[in-house]
Amino acid sequence: MLELRNISLIKDNKVILNDINIIFSNDKFVVITGPNGSGKSSLVKIIMGIEKPSSGKVILDGKDITNMSIDERANIGISFAFQNPVKFKGITVYDLLKLSLNKDVCKRECCDTLSEVGLCIKDYVDREVNGTLSGGELKRIEIATVMARNPKIAIFDEPEAGIDLWSFQRLTSVFNALRKQSKGITIVISHQEKILDIADEVVLLQNGIIEKIGNKEEIINSIFVDKTCCLGDNNE
Amino acid sequence: MNNIDNELLKNISDDNYVKPDVLNIRKNGEVLERKINEDINIINKKDLSGIDVFVKERTSLAVLQIPVIITMGGLKDTVYNDFNIGDNSNVIIFAGCGIHNKDSHKSVHNGIHRFNIGKGCKVKYIEKHYCEGVGDINPTTEIYLDDNCKMEMETVQIKGINYANRKTKAVIGNNSSLIINEKIMTEKEEYAKTDFIVNLKGENSSVHVVSRSVAIDNSNQEFISNVEGNNKCYGHVECDSIIKDKGNVKAIPMINAKHVEANLIHEASIGKIAGEQLIKLMTLGLNEKEAETEIINGFLK
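Going line by line, the protein sequences match chains F and P.
With our numbering, letter number 175 in the first sequence gets 175, and the count goes up by one each step, no holes.
With our numbering, letter number 188 in the second sequence gets 188, and the count goes up by one each step, no holes.
Worth flagging that the hints you see were computed from the coordinates, not collected in a lab.
From the three backbone atoms N, C-alpha and C, an ideal C-beta is built for every residue, glycine too.
All the pointers check out, no bait thrown in.
Stretch-level coverage of chain P by chain F, calculated; a stretch enters the list once three of its residues show a Cβ under 8 Å from a Cβ in chain F:
no. : segment
1   : 279-286
2   : 292-300
Heads up, incomplete: computed chain F residues facing chain P, CB under 8 Å, no partners named:
no. : residue
3   : ILE50
4   : PHE80
5   : ASN102
Build out the structure end to end from the sequences listed, making use of the hints.
Right under this line is the structure:
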């Protein structure tokens, strides 16, 4: 179980997150959604240790991990897929998968890992993780590096960003499979209804606070009930 | 050969060791071992220290190894090696210098390699340099590519060389291409300079230079390249460096188009390791030091 207790984040005198309290239970697929700038990425980065909260605690299975480093958190089972996958010079898909799996595996063993995201190892094994790969390929490899770790907590920051429709269809089937197989916690930041459909819970984050937690219909309905309109009260 | 010799040879040979067809090992200024065959002959030069290598026309894939090892402190070794590659031959040449001097009197190796490459040839030339002790290495390579040739040159220098001044000059004929991959890492107070001059003389000639280097501690590097397009040609020079601590890298990639159909590109980037790369590897469980090592090893692979 993962608990975020009184988490706040203030940067350049701006409140990014304001006293967030939330519990993520095991065996749950949670989608965090909300408008741009609501603090979603910051929240999940705090879980991974990439951002430090201004106040509050991160508690995993009863243990306070707030001051743990990124790699320490990785080694206790937290994994993170970046919205914009990182590119390298000289590091190949094979190298990255070996690091993710944390063992010196042969190329054939990487096959299972890559095939889960619809890629064939022989086409990618010696490819460098750089700009010669398409957005969809980089995204799928990024997801594979998380899934390879079989983590307790798998975090995906806008996995649909920058990929085409056909890759996206493949992505939703990957998440459907993950939902069925994983015993841990899966947290996905997304704006896509098809991914919200998979969720056990949807968290609506707005202006740095949790507005609502519910299922997809409840969240979408609450967004459209909001009468605030850029035209103003007089509907000009 | 003793254990030190074998260890030096291992450090400057190919990672996937391939048994050579032809061999010439030079140790402390003298020929230690030589092996030739019916297609490739090696003769000592008469007026200078060094060898002439003759590869017969149409020699199908042959592997030559011509390493230099220096185990004597204070030795200054200058050697001239000329390679004459007959038309339509396919050869792989491993060269390089390994220095081991326990007594810390500086050893110096100046190697001047000239390649006259005939029509239709494919040549791969790999040069690795290694030093345990105090050593300066000044390799000069001159390449003359005739028509329809392809040459790949790889140079590797990973720590240990006190001072290195590498000069490479190439003249490229019609429909011929030269690819140069350079990898350099300097540490402590080391200095490494690379100077490329390439004349894209022939029609449809091309050159692609990729230099990747890492400078740490108080080390210094200079990268200078001058690619001149004298015909319809293509040239691409890419210099990429990572700096750390007080490492310093200066890059001056020059391109000079003297023909309206010359297509020349140069790129240079110097900087510390991108934070996001470190973070990504840390999310895979590596600590910061391990992540840095992984990134540098991949960069210089």
